[in-house]
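Trainee: The task is simple: from the sequences and hints, build the whole structure.
In order, the protein sequence lines correspond to chains S and F.
Residue 104, in full-length UniProt numbering, is where the first sequence stops; the numbers in between run on with no holes.
Residue 345, in full-length UniProt numbering, is where the second sequence stops; the numbers in between run on with no holes.
Worth flagging that the hints you see were computed from the coordinates, not collected in a lab.
Quick reminder that beta carbons are idealized off the backbone N, C-alpha and C, glycines included.
A couple of the hints might just be wrong.
As the list claims (entries may be wrong) - Taking CB as the label site, the calculated pair distances span:
| # | chain 1 | residue 1 | chain 2 | residue 2 | range |
| --- | --- | --- | --- | --- | --- |
| 1 | F | ARG318 | S | GLN11 | 52 to 58 angstroms |
| 2 | S | LYS10 | F | LYS256 | 37 to 43 angstroms |
| 3 | F | MET75 | S | TYR77 | 39 to 45 angstroms |
| 4 | S | LYS10 | F | ASP166 | 48 to 54 angstroms |
| 5 | F | SER334 | S | SER18 | 46 to 52 angstroms |
What the hints assert, rightly or not - Listed next, the stretches of chain S that the computed footprint assigns to chain F, with coverage defined by at least 3 CB atoms under 8 angstroms from CB atoms of chain F:
| # | stretch |
| --- | --- |
| 6 | 7 to 13 |
| 7 | 21 to 27 |
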Amino acid sequence: MKIFVEVEGKQHEIETTSELPLMEVMRDAGIPVLASCGGSCACATCHVYVDPAWVDRVPPKSPDEEATLDGAFGIEYNSRLSCQIAMAPELDGLKVILAPDAIG
Amino acid sequence: MSENHMIETDVVIVGAGPCGLFAVFELGLNDMKCHVVDILDKVGGQCAELYPEKPIYDIPALPVVSGQELTDRLMQQIEPFKPVFHLNQMVESLTKLDDGRWKMMTDAGTNLVAKVVVIAAGGGSFVPKKPPIKGIDAYEGASVFYSVRRMETFRDRTIVIAGGGDSALDWTLNLAPLAKKLTLVHRRDEFRAAPHSVAAMRELVAAGKVDLRIAQIAGLEGEGGQLSGIQLKDDKGETSVVQCDALLPFYGLTMKLGPVAQFGLNLHENLIPVDTEKFETSEPGVFAIGDINSYPGKLKLILSGFHEAALMAQQAFRIVHPDRKLRFQYTTSSSDLQQKLGVAA
Numbered sequence: 001m002k003i004f005v006e007v008e009g010k011q012h013e014i015e016t017t018s019e020l021p022l023m024e025v026m027r028d029a030g031i032p033v034l035a036s037c038g039g040s041c042a043c044a045t046c047h048v049y050v051d052p053a054w055v056d057r058v059p060p061k062s063p064d065e066e067a068t069l070d071g072a073f074g075i076e077y078n079s080r081l082s083c084q085i086a087m088a089p090e091l092d093g094l095k096v097i098l099a100p101d102a103i104g
Numbered sequence: 001m002s003e004n005h006m007i008e009t010d011v012v013i014v015g016a017g018p019c020g021l022f023a024v025f026e027l028g029l030n031d032m033k034c035h036v037v038d039i040l041d042k043v044g045g046q047c048a049e050l051y052p053e054k055p056i057y058d059i060p061a062l063p064v065v066s067g068q069e070l071t072d073r074l075m076q077q078i079e080p081f082k083p084v085f086h087l088n089q090m091v092e093s094l095t096k097l098d099d100g101r102w103k104m105m106t107d108a109g110t111n112l113v114a115k116v117v118v119i120a121a122g123g124g125s126f127v128p129k130k131p132p133i134k135g136i137d138a139y140e141g142a143s144v145f146y147s148v149r150r151m152e153t154f155r156d157r158t159i160v161i162a163g164g165g166d167s168a169l170d171w172t173l174n175l176a177p178l179a180k181k182l183t184l185v186h187r188r189d190e191f192r193a194a195p196h197s198v199a200a201m202r203e204l205v206a207a208g209k210v211d212l213r214i215a216q217i218a219g220l221e222g223e224g225g226q227l228s229g230i231q232l233k234d235d236k237g238e239t240s241v242v243q244c245d246a247l248l249p250f251y252g253l254t255m256k257l258g259p260v261a262q263f264g265l266n267l268h269e270n271l272i273p274v275d276t277e278k279f280e281t282s283e284p285g286v287f288a289i290g291d292i293n294s295y296p297g298k299l300k301l302i303l304s305g306f307h308e309a310a311l312m313a314q315q316a317f318r319i320v321h322p323d324r325k326l327r328f329q330y331t332t333s334s335s336d337l338q339q340k341l342g343v344a345a
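Mentor: Below, the structure is given as structure tokens:
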């Protein structure tokens, strides 16, 4: 499957078959995602904006993710922590923007 | 709070996370005395700061343990070795002395000299998260503060506190009586903080002593380093301005490599390469264990750091006690080790 990640205005296309969290897929592809806690939903530094067309198609936010987002900046309705979105075939074509506070 | 006298010891450990704490144990079993420095005001590193209540499932023989409980158990385990902690401070420099020992200075003025240095600094130093707002740097120090050193600084000021965790709420409660006016800004009407703090904050809001605004900071207004107001945006996109002359953003902490980068050690992608026999850096006598090191096959797991601590301690012994023979012993059967642990029959 393909996913599209925008970092500081630049588009990156990632081809993956992984079902790991989006954060790890981005990191493995060389996207400079900070993710300082390593994916334990504790630091909010893997913040992404999910493309409006995809907001309802990614798995919903847990209360823990909502609370951890308190540590991020510029929260919008489509703000998510990418460590909490497990990749799956139905997310083929997913588009996200890496939030400024998640760029390492 | 300067204490400029020199502290001499066998080993200085930089970082009081789980690997740094367990290093005290392994070094202690081999008769080395440790001082431990950490930038946080508590021990435990990420376990205590980022996920004290979150479960860890891959510590051998502990099917589940929280970050805080793991920290508490390690403190109990190393207690016989009486490590000395220097908390709330960061090692700023590392220099080699003519006699081969290492000298370290902390930002609080603590002066340490040791035969061996163990860098167990994990992801680096914890520093407050800075809101990515254009121009915020210009206000830091006069109007924007990431910590409260002296409460009096805030007397009769018009304050905005931003955030929804314990720091935001604790300082709201502490500064409200001093402030001319205090506004708490948080993105949602729920707070992940101690329930009694949340209740106390709600009482102040109900009594009109604190303004609570459910919104996010969108920008800053002011000039010459002096804030005059904060632009807010609520979840409907409506904007407004709150007058203020001080802003305290409390969005938690993040990790930065910090002064370790200037220690003169070889670095690779912000990690410290080590060998896998001794976990020694490019400088003999300086070791790196835990998340901050790198070697082929490295896994950033707490259990890897424990293993690294045990092997590091063998080489550290040769440096600290060059005249003594290293003996491999089991805690189960060695009366010598049991004596050190204070459990000898």
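Trainee: Now, for every hint given, state plainly whether the structure supports it.
Mentor: Here is how each hint holds up against the structure:
Hint check: ARG318 of chain F to GLN11 of chain S, Cβ distance near 54 angstroms, so the stated range 52 to 58 angstroms holds. As the Cβ distance of LYS10 of chain S to LYS256 of chain F is approximately 24 angstroms, the hint placing it in 37 to 43 angstroms is violated. Range check, MET75 of chain F to TYR77 of chain S: Cβ separation about 43 angstroms, and the 39 to 45 angstroms hint holds. In this structure, LYS10 of chain S and ASP166 of chain F break the distance hint of 48 to 54 angstroms, their C-beta atoms being roughly 37 angstroms apart.
A beta carbon spacing of about 48 angstroms between SER334 of chain F and SER18 of chain S agrees with the range 46 to 52 angstroms that was offered as a hint. With a cut-off of 8 angstroms between beta carbons, the stretch 7 to 13 of chain S has 0 residues touching chain F; three or more are needed, and the interface restraint is violated. Counting residues of the stretch 21 to 27 of chain S whose beta-carbon sits less than 8 angstroms from any beta-carbon of chain F gives 0, not enough to reach three: the coverage restraint is violated.
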